[in-house]
Amino acid sequence: MPESLRLRGFRFRPGNPLEPVAGWEDLQPNPPDKRFVWIDAEGVPDAALEELLRDRLDWHPIVLQNIRQASSRARLTPFEDYTHLVLFDPVALAETDRPAEVDAVLGAGYLVTFHAGPCPTLDALFEEARGFKGPPKSPDLLLHRLIFSAVEAAAPRVDAMDDALAELEEEALDRPGPDLLERIVAVRDALFLQQLWLAPQLQMLHDITSGASRFVTPYARPFFRSTENRLRGLIDDIAVYKEVVQNTLELYRSAITHKTNETIRVLTVVSTPLLVLSFLTGLYGMNVPLPFAGTPHAFGLLIGACLLIFLGMLAWFRKREWF
Numbered sequence: 001m002p003e004s005l006r007l008r009g010f011r012f013r014p015g016n017p018l019e020p021v022a023g024w025e026d027l028q029p030n031p032p033d034k035r036f037v038w039i040d041a042e043g044v045p046d047a048a049l050e051e052l053l054r055d056r057l058d059w060h061p062i063v064l065q066n067i068r069q070a071s072s073r074a075r076l077t078p079f080e081d082y083t084h085l086v087l088f089d090p091v092a093l094a095e096t097d098r099p100a101e102v103d104a105v106l107g108a109g110y111l112v113t114f115h116a117g118p119c120p121t122l123d124a125l126f127e128e129a130r131g132f133k134g135p136p137k138s139p140d141l142l143l144h145r146l147i148f149s150a151v152e153a154a155a156p157r158v159d160a161m162d163d164a165l166a167e168l169e170e171e172a173l174d175r176p177g178p179d180l181l182e183r184i185v186a187v188r189d190a191l192f193l194q195q196l197w198l199a200p201q202l203q204m205l206h207d208i209t210s211g212a213s214r215f216v217t218p219y220a221r222p223f224f225r226s227t228e229n230r231l232r233g234l235i236d237d238i239a240v241y242k243e244v245v246q247n248t249l250e251l252y253r254s255a256i257t258h259k260t261n262e263t264i265r266v267l268t269v270v271s272t273p274l275l276v277l278s279f280l281t282g283l284y285g286m287n288v289p290l291p292f293a294g295t296p297h298a299f300g301l302l303i304g305a306c307l308l309i310f311l312g313m314l315a316w317f318r319k320r321e322w323f
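Using this note's numbering, you'd call the opening residue of the sequence shown number 1 and step up by one each time.
Please keep in mind that the hints were generated in silico from the structure rather than gathered at the bench.
None of these values were measured; they are calculated from a predicted model.
Just so you know, not all the hints are guaranteed correct.
To be verified - Taking CB as the label site, the calculated pair distances span:
{"id": "1", "residue 1": "Ile235", "residue 2": "Asp58", "range": "21 to 27 Å"}
{"id": "2", "residue 1": "Arg8", "residue 2": "Arg232", "range": "29 to 35 Å"}
{"id": "3", "residue 1": "Phe79", "residue 2": "Pro156", "range": "32 to 38 Å"}
{"id": "4", "residue 1": "Glu25", "residue 2": "Glu243", "range": "53 to 59 Å"}
{"id": "5", "residue 1": "Arg253", "residue 2": "Ile309", "range": "35 to 41 Å"}
What the hints assert, rightly or not - With a cut-off of at most 20 Å between alpha-carbon atoms, the simulated SDA-like pairs for lysine to any residue come out as follows:
{"id": "6", "residue 1": "Lys242", "residue 2": "Gly304"}
{"id": "7", "residue 1": "Lys242", "residue 2": "Leu181"}
{"id": "8", "residue 1": "Lys259", "residue 2": "Leu249"}
{"id": "9", "residue 1": "Lys259", "residue 2": "Asp179"}
{"id": "10", "residue 1": "Lys319", "residue 2": "Lys242"}
{"id": "11", "residue 1": "Lys242", "residue 2": "Asp163"}
{"id": "12", "residue 1": "Lys137", "residue 2": "Leu125"}
{"id": "13", "residue 1": "Lys259", "residue 2": "Val269"}
Note that beta-carbon positions come from the ideal geometry of N, C-alpha and C, so glycine has one too.
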């Protein structure tokens, strides 16, 4: 086993406690009894391991190539002696813009999972396996537990969008601050990322329930169908939240426009009377003879006239409900 791989797993035997795997030698296609093996490997397989998997399990080179390379979409690829699946753990989206990729190979008597880096959902499932009161009876049921755990891990993040969007919508209506637009866009991007990684897994689950893999028994398919319905509900929620985000964005823009119009109206109401007063003061500042310029109370009369004009214009604006 290459040192770059961290290997762990169990041997499942009916009526017996779980046994840790010793290594890749525990992998055996079509075991003589009902036991099966789950091996989880973190890291990238080297040439020696690839040769072992080709010789022992007859894995196709394209499967090994897909395990080495990062994939962009979940998918299911059936082969005669096994099924290769690519799925994603969305928990990693909290720290990066990409979920953890898991390559799973399901065969008669084994389930092998590969992931290049940490995978929180697999870690939790591995710890859960230590305390299984009723261990899975077959590798396809163990695969269902893995996919179900990944879907359930995504659910709280999708559900949390409801409260976040309600808060953003209320803030956009009552107090649209300068940082609100940035937070709305951040929520929209998070929804797009979740839909980007969850939607292809829905098609993969549909393929499983449709019988695309002969290693998923008819008994196990209803479990996958239930998870498919759960995932479909989450994707429908994301579609609704995207509409809410768009409406919140439009509400924010309308609120900003309304706020700008109110500011311009106040400035107009204040500046318009001042323009008239500026005209009068400029007129009486000219070095030419003007009416009442020689009277001793000319300054007081001018100030009084300016005040009356200013108050009169404000009263007229108020009557027109301009403010």
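Structure-based check of all given hints:
no. : hint                        : result
1   : Ile235 x Asp58: 21 to 27 Å  : 36 Å, violated
2   : Arg8 x Arg232: 29 to 35 Å   : 32 Å, holds
3   : Phe79 x Pro156: 32 to 38 Å  : 35 Å, holds
4   : Glu25 x Glu243: 53 to 59 Å  : 54 Å, holds
5   : Arg253 x Ile309: 35 to 41 Å : 39 Å, holds
6   : Lys242 x Gly304             : 60 Å, violated
7   : Lys242 x Leu181             : 15 Å, holds
8   : Lys259 x Leu249             : 15 Å, holds
9   : Lys259 x Asp179             : 16 Å, holds
10  : Lys319 x Lys242             : 44 Å, violated
11  : Lys242 x Asp163             : 14 Å, holds
12  : Lys137 x Leu125             : 16 Å, holds
13  : Lys259 x Val269             : 15 Å, holds
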